[in-house]
Amino acid sequence: MQCVLLASAEALDEAAEHAVSGGVTALFAGLLLAMIIALALEEKIHAKKSVIVGVFAGVCLILATAFQLLPLGGVTLPNGHEIEMPVYIPAIDWGVITIILGASLFVEVTSRSGVFTWMAISLTKKSGGDPWKLLLAYGILTVLFSAMLNNVTAMIIIGSLTGVSLSKLRRTDLLLGFLVVEGLLTNVGGLLTLISSVPNIIVGNVAGIGFVDFFLVAAPYVVVATAVTLWMGRRRFDIRGLENDEERSAAAGLVAGFDENESVTSVKFFWFSIASLLLFVVFLAGQSKIPVLQDLGMGFVALAFAGIVLLAYKHEVDKFYSAVDWDLLAFFAALFVVINTMEHAQVLALIGSGLEVLIGAGENLGTGLLLVASALASSVTDNIPLAAMLAKILGSHEPAYTSSTPYWWSVIFGANLGGNITPIGSASTVVAMTIISKYKLPLSFVGFVKVAVPFAAVQIVLAVVYVVGLTWAGFLGGV
Amino acid sequence: MRAGFGCAERGDEMDRLEQIDEFESMFRRSERESFVYVDLGIESVAVVTGDESNESVPGELRSFLPRIGDSTRWHTLGSGDYHNVAELLERIDAQQVDLLVTRRHLGEESLSPQHSLGVYLDELTQRTSIPVLVLPGTSRSPLPLPSAPCRRAMVVADHISGDHRLVNYGVRMCGDGGSVWLCHVEDELVFGRFVDVIERIPEIATEPGAALLKAQLLKEAEDFIASCIETLLETDRNLSLHSHVGMGHHVKEYRRLVDGHDIELLVANTKDDDQLAMHGMAYSLSVELIDVPMLLL
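Protein chains in written order, with the numbering used here: chain S, 1 to 479; chain H, 1 to 297.
Errors might be hidden in some of the hints.
[Stated by the list, open to error] A few chain S residues that face chain H, going by a derived Cβ cut-off under 7 angstroms, partial list only: (1) ILE156; (2) LEU161; (3) ASP259; (4) SER263; (5) PRO399; (6) SER403; (7) VAL431; (8) THR434.
[To be verified] Computed list of lysine-lysine pairs in BS3-like fashion (alpha-carbon distance at most 25 angstroms, straight line): (9) S:LYS125 x S:LYS48; (10) S:LYS44 x S:LYS450; (11) S:LYS168 x S:LYS125; (12) S:LYS168 x S:LYS438; (13) S:LYS440 x S:LYS44; (14) H:LYS219 x S:LYS168; (15) S:LYS438 x S:LYS44; (16) H:LYS252 x H:LYS271; (17) H:LYS219 x S:LYS125; (18) H:LYS271 x S:LYS268; (19) S:LYS289 x S:LYS319; (20) S:LYS168 x H:LYS271.
To be clear, the hints were calculated from the coordinates, so they are not data collected in a lab. Think of the CB as a built atom: it goes at the ideal place given N, C-alpha and C, for glycine as much as any other residue.
Bound-form chain H, shown alone:
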């Protein structure tokens, strides 16, 4: 007879649903994702290289990432240890490592790719849950790791809210006394497309609608980062924590931030729940910011 039973007068039901929706939005807005700090263990590291020598890498890494620790077990896998992705994954699985270290274009030196990461790196990031530290440069033209310990790490995301693992790895990799930037950049092109749509919907006032959408997008990231900073300040980690939340073009904005803050390590999430391929922003950053060591999760 009335709303909710299939033969309701739609207008009244819509009014009720609007009111219910309004309060639900209000309550959802009050939800805060509280950051949970976890001191991640890295007890086993595998360095995967191609034909180039990999003997010096563990030493360079110990120097660059002193918090990995002396008790860590190191494994090295050269081109002779695997012949395809499946074999490599099998070897890694057998060794139960906590961190993979490799380079772009592994095993594809002769192809000289410029717009990809290479098959092996692609597969390693997507088919294992193990973080992959991508050394600067490529297999063909490797660049040296900074000789000094990493003290300036930047966690980058286009959706940082709730990504505890990402932040924990960023904090884990940065040396004591260092600085960690927690960054969230909303793609202004994507946002622009939403505003274009809003402009075509008479029921939504364009300017306030766009302003509210932008404010809420950034607020969620700001709130989560604030929670991260608050929680991390209560830990025994001696770190200086910074935040950057804004709109922009991902690659340009992160390039600017990396250069501006002399960032020594970028930490990005590559997994995308909706697809098998690498997350778009992480892929473009990995391809373009070739000179910066990157930890891909």
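Just chain S, with the same shape it has in the complex:
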């Protein structure tokens, strides 16, 4: 990690020394724009993210090398040794890659224990089949699962259970409302911890925000935004509780038929997984304070825990390796390469100067404007390149921003919440729309926007007020 930072810092210095013509910068800016458009049209052009960004990374590398923009040659390690390494290797933020790889492997294995479906079914039974209690339970679970797993898996688990349980309760009239609210909550849950979403990892990593610090800042907002979203969902979709004992008894009888232990194949592994999950969180929280681990980084913690739980399936680890989202990892690697070349081509400096206009509006207004701009941008395109680019720009600001600078949080909140404005704003809302379409519920693209915009607007306004409020109160600062 230090090596990457060192290499990046050196590269930044060297890049600053380079005189890049306006034409070259414009060419690379055009490539960046084309890549962002291609990512937005990912499914139309029939190509995976990694392929799209990989192609752009290749083109960028060739052009950047041809224009002599890249610092070719050896890389100096912290111990002073110089090693030969292809220029695109130190461009990749391996800290982010290892966190995502380790965490996804860990979650893949622990979810095998049935712990997440057990939680979902247990809460379904606890709700007694009351629609309002069920919405509360599923809403809270969506937030927790988005925080612990990822927002796509959370939406798939909770969305599919919602379909099954509401069908059983013969309340499919409420299904659309449930799915929309759950879809909107996945992106709120993605804010809860440093590893809950990729923008959090990328921005947090560059900003140097610790796991605990991240949680302490994000958690109060997540609680409030979740409560407000659920309340709005109840009103918007007319989701009410059961009114009499007869209805309550009938509904309770129907959900009582679910067996939460069905998906628990081994009680021993079930408890092992719960213990591992708790320890994982404890170690992530304490990583920056624990000797040795503080040097090895959060990625090592994630990989180590993945290794520990894989021991339980040591004879079939290949199954879990194949379940890793290699497209996503390759996409990140290629994206870091693209951003690195953009940096050398002065494109980031150009965008940064535009960003200065927003930030220059003053600490509070700048924070709010940056948050709203990030949200709007991520509503129509992938929030990961956006977060990576903005993090890189903010990270190279002179004088350097501290980890408590509110602009980091503007990018984090904006990149996550922007996904709620349109159904293509985030992968989890796409999943929600897939389930809605599967059940042949009437909701078009425009229909989703009409329904979701009031929720997203309230969440974004709340976020602006919250981040500005924390800055005003002195909890954030250092601009």
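Add chain H to chain S, keeping to what the hints say.
For chain H alone, coordinates are given in the frame of chain S:
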């Protein structure tokens, strides 16, 4: 622009749908149909016969099914009381009975059928919701009911899961201290045809696919029967409850079970939501297991 809006890239949408389907299956598998016990009331019984005498039937039935109770109202309908199915149904409807008792080949004694139940029994089972107790033998050659109270009843089905009424009637008819077998037999010929199809689908591995299908088919029945037993043990019914879940040829398997356990009463469901005619398994059992009293629902 993306999945769900009509112009999606199909591969990605299929991947998502597969994942959603996987979890939906997992949650559906966790659904258990919990048995609900109901102590069914039988306050009025109609004995429908043809030309043969029906005077002794109520007495024999009281002895065979002592739980019907002494306060039950009995009605007897002989060949002179009706001339066609419509008239018979009208009479039954007027008397509001809880149980019909009759024989195979009612009114068709002269036809000597061997591969049918007769028009009246067919119609009675399908056009009323009243359970029909079919006495052993036929109208032409009636067989006597066992003289001792029924203590060995068997509930038979090819889809027992969720059939609360079927189980409740089986339990209702069995005498105190008796035994009730709750049985579910999956037709192995039908299953074999599914496996034949699976064998022709390269995307499904044949052996694991067939094994999973079989396991799930039987598991649903096992789970429901387990729920029945658990619930019934909590009631005041003094019964010994047994389970049989497996694959086989319906008639052969139930013949074997009836003989093996000396079953005195078979309880089967004849209604089929998808058709007007009697459920196939119930019909074949009713035609072939002629020597055993049967309660057809």
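Do the hints match the structure? See the list:
1. Checking ILE156 (chain S) against chain H by beta carbon gives a least distance of about 5 angstroms; that is within 7 angstroms, so the hint holds.
2. About 5 angstroms separates the beta-carbon of LEU161 (chain S) from the nearest beta-carbon of chain H, less than 7 angstroms, and the hint is met.
3. A hinted interface residue such as ASP259 (chain S) counts as satisfied when its beta carbon comes closer than 7 angstroms to some beta carbon of chain H; here the least separation is about 5 angstroms, so the hint holds.
4. About 6 angstroms separates the beta-carbon of SER263 (chain S) from the nearest beta-carbon of chain H, less than 7 angstroms, and the hint is met.
5. For the restraint placing PRO399 (chain S) at the interface with chain H, the shortest Cβ-Cβ distance is roughly 41 angstroms, beyond the 7 angstroms limit, so the hint is violated.
6. At a threshold of 7 angstroms, the smallest CB-CB gap from SER403 (chain S) to chain H is about 35 angstroms, leaving the interface hint violated.
7. Evaluation of the VAL431 (chain S) hint against chain H yields a held restraint, the C-beta minimum of about 6 angstroms falling below 7 angstroms.
8. Against a cut-off of 7 angstroms between C-beta atoms, the interface hint on THR434 (chain S) holds, since the closest Cβ of chain H lies about 5 angstroms away.
9. Distance restraint check for LYS125 (chain S) and LYS48 (chain S): the Cα-Cα separation of roughly 39 angstroms exceeds the 25 angstroms cut-off, and the hinted pair is therefore not satisfied.
10. Between the alpha carbons of LYS44 (chain S) and LYS450 (chain S) the distance comes to roughly 23 angstroms, so the proposed pair stays at or under 25 angstroms and holds.
11. Pair hint LYS168 (chain S) plus LYS125 (chain S) holds up; C-alpha atoms about 12 angstroms apart against a cutoff of 25 angstroms.
12. Between LYS168 (chain S) and LYS438 (chain S), the direct Cα distance comes to roughly 17 angstroms. Compliance with the 25 angstroms bound is thereby established for this hinted pair.
13. Restraint check for LYS440 (chain S) and LYS44 (chain S): satisfied, since their Cα atoms lie roughly 22 angstroms apart, inside the 25 angstroms limit.
14. Among the hinted pairs, LYS219 (chain H) with LYS168 (chain S) is consistent with the structure: their alpha-carbon atoms are about 19 angstroms apart, no more than 25 angstroms.
15. Distance hint between LYS438 (chain S) and LYS44 (chain S) is fulfilled; the C-alpha atoms sit about 20 angstroms from each other, no more than 25 angstroms.
16. Between the alpha carbons of LYS252 (chain H) and LYS271 (chain H) the distance comes to roughly 22 angstroms, so the proposed pair stays at or under 25 angstroms and holds.
17. As the CA atoms of LYS219 (chain H) and LYS125 (chain S) are separated by approximately 22 angstroms, the hinted pair is consistent with the 25 angstroms bound.
18. Pair hint LYS271 (chain H) plus LYS268 (chain S) does not hold up; C-alpha atoms about 46 angstroms apart against a cutoff of 25 angstroms.
19. For the proposed pair LYS289 (chain S) and LYS319 (chain S), the alpha carbon gap of about 34 angstroms is over 25 angstroms, so the pair is violated.
20. Restraint check: the Cα-Cα separation between LYS168 (chain S) and LYS271 (chain H) comes to about 23 angstroms, which is no more than 25 angstroms; the hinted pair holds.
Figure legend: structure checked against the earlier numbered hints; hints not met, in rising order: 5, 6, 9, 18, 19.
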